[in-house]
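Asker: If you read the protein sequences in the order shown, they are chains X and R. Under the working numbering, residues 8 to 268 are what the first sequence spells out, in order. Under the working numbering, residues 4 to 495 are what the second sequence spells out, in order.
Please note: incorrect hints may appear among the correct ones.
Subject to a maximum C-alpha distance of 20 Å in a straight line, what follows is the list of computed SDA-like cross-link-like pairs (lysine to any residue) [to be verified]:
| # | chain 1 | residue 1 | chain 2 | residue 2 |
| --- | --- | --- | --- | --- |
| 1 | X | K160 | R | S441 |
| 2 | R | K483 | X | G101 |
| 3 | R | K468 | X | L146 |
Rather than coming from a laboratory, the hints here were simulated on the basis of the structure. Quick caveat: nothing in here was measured; it's all calculated off a predicted structure.
Below are the chains, spelled out letter by letter.
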Amino acid sequence: MSMLKIENLHARVEGKEILKGLSLTVNAGEVHAIMGPNGAGKSTLGNVLSGRDGYEVTAGTVTYNGIDLLALAPEARAAAGVFLAFQYPVEIPGVNNTYFLRAAFNAQRKGRGEKELDSMQFLKLVREKLKIMQISDELLHRAVNEGFSGGEKKRNEIFQMAVLEPQLAILDETDSGLDIDALKQVAQGVNTLRSPDRAFLMITHYQRLLDYVVPDFVHVLADGRIVESGDKSLALKLEEHGYAGIAASHPADPRQAGAAA
Amino acid sequence: MNSSMINESSTSTTLRDNAEVAEVLGRSYAAGFVTDIEMTSLPPGLDEGTIRALSAIKQEPSWMTEWRLEAYRHWLTMPKPDWAKLNIDPIDYQAISYYAAPKAGPKSLAEVDPALLETYEKLGIPLHERAALAGVAVDAVFDSVSVGTTFRKQLAEAGVLFCSMSEAIREYPELVQKYLGSVVPTGDNFFAALNSAVFSDGSFVFIPKGVRCPMELSTYFRINAQNTGQFERTLIVAEEGSHVSYLEGCTAPKRDENQLHAAVVELVALEKAQIKYSTVQNWYPGDENGVGGIYNFVTKRGDCRGDDSKISWTQVETGSAITWKYPSVILRGDRSVGEFYSVALTHHYQQADTGTKMIHLGKYTKSKIVSKGISAGRSSNSYRGLVKMEKGAEGARNYTQCDSLLIGKQCGAHTFPYMEVKNPTAIVEHEATTSKISDDQMFYCRSRGVSEEDAVSMIVDGFCKQVFRELPMEFAVEAKKLLEVSLEGAVG
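Using the sequences and the hints, build the whole thing.
Answerer: Encoded structure:
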């Protein structure tokens, strides 16, 4: 069984149709890159999958580990193992990062009927993760994203992902706005977390990230559908010809290209 | 240089219209029960006879009776204040009973009526010293009288006087006479004058020179009887170099009628003395339709009478239908320090008009104001503050930070900061923000697995952190829980 099966997904935002029949299949252990021009629907896909308000699904289905993902509230999706690394991580003033993460971690465990960790146990886990991810523990003492630089915010997202250990991680333009050092660090974090049980959906503008996190599949999203799928070489082709070239070769493809199964 | 500034900003705003939020706020007021106990009370009505009767019941000396009568006569001449941003239904002062007390009367703790002990037990304030909160002495005021004070012996050994005001008037008349009304004069304002005429009970604290009070002192105010008003009067005197931390808590049963709580609290800090006064106010706020609840009209003022003294007010206000309260500090002594940390939360139809006054008279005096207002439902929450730098306030400084958080789209937050600066060397800083819990914050929390309700409490808690830090530890936890309960159903 596939981990994630998206079929003919149509979604609207503020009355405007953004996703127009998107289909995609993702198996455990795979890394998929979703590329495409501005306005193609990349971020919409991430938001629909994680359940953000204001995104209205008008047709199609999303099946995650055999269940109807769209029927779940955002917090239930999180408990089921779906994680969204935000393009713009949100500041929560005055709320300690560790406290926030423990609340999230325990809420997810509770949602799965697992035992919650006390603060000592949790701190131990966090310290291990910091070490693996090579992140300074100064991050723990600050308020959630408050006053963080762009790079720090993205690193914090990856760190949260490391602690929460999702099955399906959706990275929404995690590479945007990062200098090369920060990009490498984030990429290394992602590579550390790659595992046969986990799948990644990396939404990105640029092929640059893919130099560091090598995807199993690359999909081109244009005008609300996946118009072409391939391996890493597709990303390079895109780099060369631009999105315009790809889109031109797929005028309103009625088959709505599916991903590799 | 004379400069003054008046600034008013109003914001009514929108938030989420999520039905789930409305649900969250549905949890009930846990302190809303009524204790069935035999009461002695004066019939409703107010005239000089009522005051004489009240004073007689309390076996007061004649100077006290005269003091009350003078305040009453003054009160008759005063107009009701109408400057606050509050809608107040007219109060019929003749319909209120000005004295209600459990029939058994105040005795030693060991003889307190079990029904009363049970009441306080239920409220989480055990009065048996064995079970009492570690390191906290409690004076329990039930309607018009104090029903018991814990740890008095231990405190007396340290030289600290902690008892009910009624008792202090009988036992320590010279101290009471010296300080009562010295910070808030009888004619200070309409409600202070009324309080001076009819005050029932409250706490008296006296910390002698050089003594650091060995434990937290606290008073727990409970309104139980119907159609009564509670007129609390508290006086805290800290002599030279002494130190005290005091906390008050308040609850009342759920009733459909509004009840009046008009209190006066006076603090006096002599040279190098420090008083920390914390309030967790959870009077019955009325129901979700705005029926019932306490009118909380309070005058609280501290006088930093000596050089290098310090008075710090910390308040967490979640209860009452209407709150009208401005704990203030007169910075008389040179280098004295005044602080005001406040969290005021309003929900449903609650109204709060609260803030502080910092009156700088002495040189190099400093004050700091941190106010956090949270509005939900259809409530209205105003900060009103005055910072006054008098001519002699050489090198004085004030820092004010005033933040409002809005939850829902039908609430309002208002800020009225007044500043009067008469000394050119004084520095006044004011910062204000208004924010709402954003959809982005909610989604961020939920996408991490945190429920909507927990997300709101977490965000509100983060917003209030600066103030909670100032509360004694046990009460910070309490305050946090109280905010959670008060916000139930606010999300959405």
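Asker: All hints are to be evaluated individually against the structure, with a verdict given for each.
Answerer: Outcome of the hint check:
1. At roughly 18 Å between alpha-carbon atoms, X:K160 and R:S441 fall within 20 Å of each other, so this suggested pair holds.
2. A C-alpha spacing of about 14 Å is found between R:K483 and X:G101, which places the hinted pair at or below 20 Å, so the restraint holds.
3. A distance of roughly 18 Å separates the Cα atoms of R:K468 and X:L146; the hinted pair therefore holds under the 20 Å criterion.
The structure is consistent with each of the numbered hints, conforming to all of them.
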